[in-house]
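Participant: Residues per chain, in single letters:
Protein chains: 2
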Amino acid sequence: MIKVTVIGSGNVAQHLITAFLKSSEIELSQVFSREKENVAHLIDAEKITNDYRSLSESDIYVIAVSDSAIAEVSSKLPFKNRFVVHTSGSVPLEDLDSKNKRGVFYPLQTFTKNKEVDFSIIPTCLESEFDDDYTILENLAEAIKSRHYLISSAQRKSLHVAAVFVNNFTNHLYQIGKDICDEHQLPFEILKPLIAETADKIQNLSPLEAQTGPAKRHDQNTIDRHLTLLTNQTQKEIYEILTQSIQHSHVKKL
Amino acid sequence: MIKVTVIGSGNVAQHLITAFLKSSEIELSQVFSREKENVAHLIDAEKITNDYRSLSESDIYVIAVSDSAIAEVSSKLPFKNRFVVHTSGSVPLEDLDSKNKRGVFYPLQTFTKNKEVDFSIIPTCLESEFDDDYTILENLAEAIKSRHYLISSAQRKSLHVAAVFVNNFTNHLYQIGKDICDEHQLPFEILKPLIAETADKIQNLSPLEAQTGPAKRHDQNTIDRHLTLLTNQTQKEIYEILTQSIQHSHVKKL
Numbered sequence: 000m001i002k003v004t005v006i007g008s009g010n011v012a013q014h015l016i017t018a019f020l021k022s023s024e025i026e027l028s029q030v031f032s033r034e035k036e037n038v039a040h041l042i043d044a045e046k047i048t049n050d051y052r053s054l055s056e057s058d059i060y061v062i063a064v065s066d067s068a069i070a071e072v073s074s075k076l077p078f079k080n081r082f083v084v085h086t087s088g089s090v091p092l093e094d095l096d097s098k099n100k101r102g103v104f105y106p107l108q109t110f111t112k113n114k115e116v117d118f119s120i121i122p123t124c125l126e127s128e129f130d131d132d133y134t135i136l137e138n139l140a141e142a143i144k145s146r147h148y149l150i151s152s153a154q155r156k157s158l159h160v161a162a163v164f165v166n167n168f169t170n171h172l173y174q175i176g177k178d179i180c181d182e183h184q185l186p187f188e189i190l191k192p193l194i195a196e197t198a199d200k201i202q203n204l205s206p207l208e209a210q211t212g213p214a215k216r217h218d219q220n221t222i223d224r225h226l227t228l229l230t231n232q233t234q235k236e237i238y239e240i241l242t243q244s245i246q247h248s249h250v251k252k253l
Numbered sequence: 000m001i002k003v004t005v006i007g008s009g010n011v012a013q014h015l016i017t018a019f020l021k022s023s024e025i026e027l028s029q030v031f032s033r034e035k036e037n038v039a040h041l042i043d044a045e046k047i048t049n050d051y052r053s054l055s056e057s058d059i060y061v062i063a064v065s066d067s068a069i070a071e072v073s074s075k076l077p078f079k080n081r082f083v084v085h086t087s088g089s090v091p092l093e094d095l096d097s098k099n100k101r102g103v104f105y106p107l108q109t110f111t112k113n114k115e116v117d118f119s120i121i122p123t124c125l126e127s128e129f130d131d132d133y134t135i136l137e138n139l140a141e142a143i144k145s146r147h148y149l150i151s152s153a154q155r156k157s158l159h160v161a162a163v164f165v166n167n168f169t170n171h172l173y174q175i176g177k178d179i180c181d182e183h184q185l186p187f188e189i190l191k192p193l194i195a196e197t198a199d200k201i202q203n204l205s206p207l208e209a210q211t212g213p214a215k216r217h218d219q220n221t222i223d224r225h226l227t228l229l230t231n232q233t234q235k236e237i238y239e240i241l242t243q244s245i246q247h248s249h250v251k252k253l
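Protein sequences appear in the order of chains A and B. Residue numbers for the first sequence, in numbering that gives the first Met the number 0: 0 to 253. Residue numbers for the second sequence, in numbering that gives the first Met the number 0: 0 to 253.
Simulated from the structure, these hints should not be mistaken for laboratory data. Don't take each hint at face value.
Since the list gives no way to pick out one identical chain from another, each pair is judged satisfied if it fits inside one copy or across any two copies.
[Claimed, not checked] Straight-line Cα separation of at most 25 Å, DSS-like style, residue types lysine-lysine; simulated pairs: (1) Lys191 with Lys144; (2) Lys251 with Lys112; (3) Lys215 with Lys191; (4) Lys114 with Lys215; (5) Lys215 with Lys112; (6) Lys235 with Lys114; (7) Lys21 with Lys156; (8) Lys75 with Lys98; (9) Lys21 with Lys112; (10) Lys191 with Lys112; (11) Lys114 with Lys100; (12) Lys156 with Lys235; (13) Lys156 with Lys191; (14) Lys215 with Lys21; (15) Lys251 with Lys35; (16) Lys251 with Lys235; (17) Lys156 with Lys215; (18) Lys114 with Lys191.
If we strip away everything but chain A, and leave its shape as in the complex, we get (with noise of 0.2 Å):
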């Protein structure tokens, strides 16, 4: 049975707290949520605490604040030599306080509020400042049936702007094609099962393999009628560089 604190009461450490509550291999002993309402539907009222010198003693802290606010909770901290790990993807291991034996738990994918989340299905990077720390992080990640990773601080950093290009801007593509939608009345709609498709693609083919249209193709009347129509100008930008950069992963046969 693994001991757990959780530190937090925003997306991710409400999804933690639902995933540690399902399992038998854990007790979730404590949530420290300054406002406890919060997390009043998760978990027993005699659980939460908004007092720092109330957390009892537990084999690992988990720190699921906003990045920000990392660095300053680790700190406020009322003990030492304990296992407190952050869930951060872009938040070095040092930023945590030192008098704290450090670690993280960071669980790759973006969290929906009010949608479950199946962390049987989510990568978790993990990375401990001891190695005997370490074991508690993979008995964590197992307990809730996570895939786990061993990733370096600084392949965390590279791992997470990485994750920013297939997430965060792949979604403000899809904005993007709501809005040419929008502007011709089209409803969204009619692309959703090309998203689903594009994204499903990639799981058995390499995006390299899965490449298609007129970028690819080097097919630069398209590119330019496609240019025409666009009337926003960093629309068209966009359209540019993503065009540049296919081409030059896909250099046209001669």
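With chain A fixed as given, assemble chain B onto it according to the hints.
Facilitator: Same frame as chain A, but now just chain B:
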């Protein structure tokens, strides 16, 4: 029973042939293929021709060839006043030779060789020069269980641009994610659940609601750190312009 002739033997043609053969409401009377062996695994040899003069009468001729060949192929047809459609997202109806009655049957999907396509989840964009022919298009779409939309040539052009953003460009962002992983000895596998969830999210949320990440949060520290990490100049430029575009859509709350 709709009598259909398919002209072409590429990816889209093959998927349409397969779907047409499955439908009890369609009689696939002939397939024109310059190289007969391209479609020999799909349909009886006597139904394949490589001679325009031997094309028999059909309710609809579906030209599924590359965009640049559509005009030429349609002009080579040795008959007139019959119903001839193409299947392209980016070619106007008018590119078809006007000696026949013209139309468009454009299935909005990315087709992968050897991966069967479920037309019941693929929308089809329909357009006809004459109202009378539109019913044939509707019946054809319904015979393969496809949801269909009346989309004008002007709308279809814009829809095709939108499709390039959500499909071709999105796939290229997956490629960049993979390139970053490769550069830092990270398995691309680790990003696949995130890619799947990103696409899944917008089936129910609007892309605007689904947006997350440092750009949306106007988290300049993380953005700067990411830009420092990127060693590839094109990746940097793509990061910058997509970040600016997201920030423009999500104005900072003061």
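Participant: Compare the structure with each hint and give your call.
Facilitator: Each hint tested on the structure:
no. : hint               : in the structure
1   : Lys191 with Lys144 : between (30 Å within a copy, 17 Å between copies)
2   : Lys251 with Lys112 : between (45 Å within a copy, 21 Å between copies)
3   : Lys215 with Lys191 : both (22 Å within a copy, 23 Å between copies)
4   : Lys114 with Lys215 : between (36 Å within a copy, 20 Å between copies)
5   : Lys215 with Lys112 : between (37 Å within a copy, 17 Å between copies)
6   : Lys235 with Lys114 : neither (35 Å within a copy, 33 Å between copies)
7   : Lys21 with Lys156  : neither (30 Å within a copy, 50 Å between copies)
8   : Lys75 with Lys98   : within (11 Å within a copy, 81 Å between copies)
9   : Lys21 with Lys112  : within (18 Å within a copy, 42 Å between copies)
10  : Lys191 with Lys112 : both (21 Å within a copy, 21 Å between copies)
11  : Lys114 with Lys100 : neither (33 Å within a copy, 50 Å between copies)
12  : Lys156 with Lys235 : between (30 Å within a copy, 15 Å between copies)
13  : Lys156 with Lys191 : between (31 Å within a copy, 18 Å between copies)
14  : Lys215 with Lys21  : neither (47 Å within a copy, 32 Å between copies)
15  : Lys251 with Lys35  : neither (60 Å within a copy, 28 Å between copies)
16  : Lys251 with Lys235 : both (22 Å within a copy, 24 Å between copies)
17  : Lys156 with Lys215 : between (30 Å within a copy, 19 Å between copies)
18  : Lys114 with Lys191 : both (19 Å within a copy, 19 Å between copies)
Of the numbered hints stated above, those contradicted by the structure are hints 6, 7, 11, 14 and 15, listed in ascending order.
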